[in-house]
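Need the complex rebuilt from these two chains, each delivered in its own frame; the hints are there to steer you.
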Amino acid sequence: MSETPTRVWDGPTRLFHWALVILIVVAWLTAEEQMTVHRGAGYAILGLLAFRVWWGLAGGSTARFSNFVRGPAAIRRYLSESREGTAGEHAGHNPLGALSVLALLGLVALQVILGLFAIDEDGFEGGPLSDGIDFDLARQIAEWHELSFRLLQGLVVLHLGAIVFYAVRRREDLVRPMITGVRRFRGQVGGLVPAPLWRLVVGVAIGLAVGFAASRGFRLG
Amino acid sequence: MIRASRKSLTLMALAAGLCLAGGAVAAVNAKAVIEAREANFKTFGKSMKTMNDNLKSDSPDLAVIASNAATIRGLAPKVTTWFPKGTGPESGVKTEARAEIWTDGAGFAAAARRLEPEAAKLEALARAGDLAGVRAQVRVVGGTCKGCHDKFKAD
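Sequences listed follow chains A and B, in order.
In terms of the working numbering, the first sequence opens at residue 1 and continues consecutively.
In terms of the working numbering, the second sequence opens at residue 1 and continues consecutively.
It is possible that part of the hints are untrue.
[Said to hold, decoys possible] Pair ranges (Cβ atoms, derived):
1) A:Pro72 <-> B:Ala136: 54 to 62 Å
2) A:Gln140 <-> B:Leu55: 18 to 26 Å
3) B:Asp150 <-> A:Gly85: 49 to 57 Å
4) B:Lys151 <-> A:Ala209: 26 to 34 Å
5) A:Gly11 <-> B:Arg139: 41 to 49 Å
6) A:Asp136 <-> B:Lys151: 21 to 29 Å
7) B:Pro84 <-> A:Leu29: 45 to 53 Å
8) A:Gly71 <-> B:Arg135: 52 to 60 Å
9) A:Gly11 <-> B:Leu55: 39 to 47 Å
10) B:Glu100 <-> A:Ala58: 52 to 60 Å
[Said to hold, decoys possible] Where chain B lies over chain A, by a calculated footprint (3+ residues, C-beta under 8 Å):
11) 55 to 61
12) 134 to 140
It should be emphasised that the hints constitute simulated quantities derived from the structure, not laboratory data.
No residue lacks a Cβ here, since even glycine has one placed at the ideal position from N, Cα and C.
In isolation and in its complexed conformation, chain B is listed as follows (with noise of 0.2 Å):
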């Protein structure tokens, strides 16, 4: 009897302890994650003012535009990876991902499939040295990441 009900007294310490650890793992990975995704988005932010400081200044030069756009392109495809279940804000990490990623996933996958198509016309009309266009699709693209952030992003 004794016996019987110390063992399982250490089964479920070892449980408990299992979960412990195993909510300590899964809090460390939110936190990887969530900062591996906002360096993500900080590339575009870069890549954005790149752009659009080129665009501002007296001769743009179309190739940094063209292979900045080309970032951006590369990366959008991702982006609806950058938040698997759990990296929200019930994660106890601080992070500006709204919980409406996760309960309206098709419509965030919706606006971020917005970015890719957008920024690969921009990377083609500056390889085809079309600035007026540039200048255009710019915008095209800005709204593009502001249409999300408005409403999937805290802030």
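So here's chain A without its partners, still in its complex pose (with noise of 0.2 Å):
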């Protein structure tokens, strides 16, 4: 059989993807002790996701939400026909994957966005907009904010899980792609499309005009 090798992700992609295990770690062991590093790790994740809503309009192909997010008639039929075995091959998310990857994307801006306001039981650690809230709502954001994390854990599991199961019973390494960029597939497959230099320029302005007005509390002057 012979393998085509095809780039699937692009750089912008893997390096998001990685920053944001990365920082998402970095959060989760500072949490409560080293809280200057845990706000700074929240600021980086806000303007990685404004980069990546970015890159989801503008951005290579496979990282385009036009291109992978689908209706649930084609998560249905990419289901059966991946019980049949009959399921094609993709070059970037496939149409259940699509939801993980909204589902992910969805719930780390749900915790970045309550972690701005949460505050610590002290009253003395607190995100940069939790000084516009009385205590008590800034208490409760914060205990959801332990709650949205427990979730985020689960979901790390399962997208963990999935990368096992396609190891495991396909015979599909979906790591290597994401680090190497390129996959070798079965048959022919459109690969990426990839997008011009200038966008990524104003893609990286986007996010760090995020982070640091993040970091500022959003009051700029």
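Shown next, in the form of structure tokens:
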């Protein structure tokens, strides 16, 4: 069986992915202890998310929401074809994986936004917007911040489980392409259509601006 | 014979009933004590937040900071009295108080007693109009909260 190496993920998407992994781990390890680092990780994650939204609209083809977000009918079709073993190969997210991407991005967004308003039990360490709300509400939001992290952990476990499932049952390595950008397909699969460099520059500028604004509590001037 | 055993049965039932009632009273008390102390700690948290919010603003109000520091200073000496025996995790009431508060009573008292003098210092700095001093001292007061919580509070 000949296997064609095909580019599936562009550099910015891969960098986004691994930066997000590292920052979430950092935020997790520093929670309640090194709050300056914890907040910094949060601002950086918010900047990354802003970049990812831009990249989902204007980035490489496989990163674009319009190319991978599918309706329930497409997801059902993918599931039944998967069971029959007739599902085609995908360069990029398959219709089911798209749900996982949206859920992960959405929950990470919820997580950082809650963090902006949260405060610790001592009224001492808080997010940059916690000063706009009263102690009780900020404490309530801190509890949600904790709860949403548990949900996020659950989703990450599901994400890793899916990777193991594809590796074992389908003999498809999904990790390597997220590092190298290249995946080997059995058949001919249309690969990545990269985005021009200026769009990356705009995306990085958006990400930096959002991260910086968050660190100032969105109070500029 | 029968009379005697009936009498002792009645006594036993009475004793058992008293024990149950006693347990219930203790449980109600533990619940009330725990709720009251949680409300008190919330007052600390609120005061800290008000001071920190002020320090973050463009024009910190030192009078507000002084009055909140005074609130903390006033409550601080009472902290150790909010933890009578039987109001720990063994009470069955939900509480984040750790058993170490009672097994290491001296350590707990020492950690809790650090708060009053630091809050008093903060109040004095705020009254003296020393903004830089206030900024530094708020961190010390916050560190006192955390220092005690790390060891004696779950979660």
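Task: Hint numbers not upheld by this structure, sorted from lowest to highest - done: 4, 7 and 11
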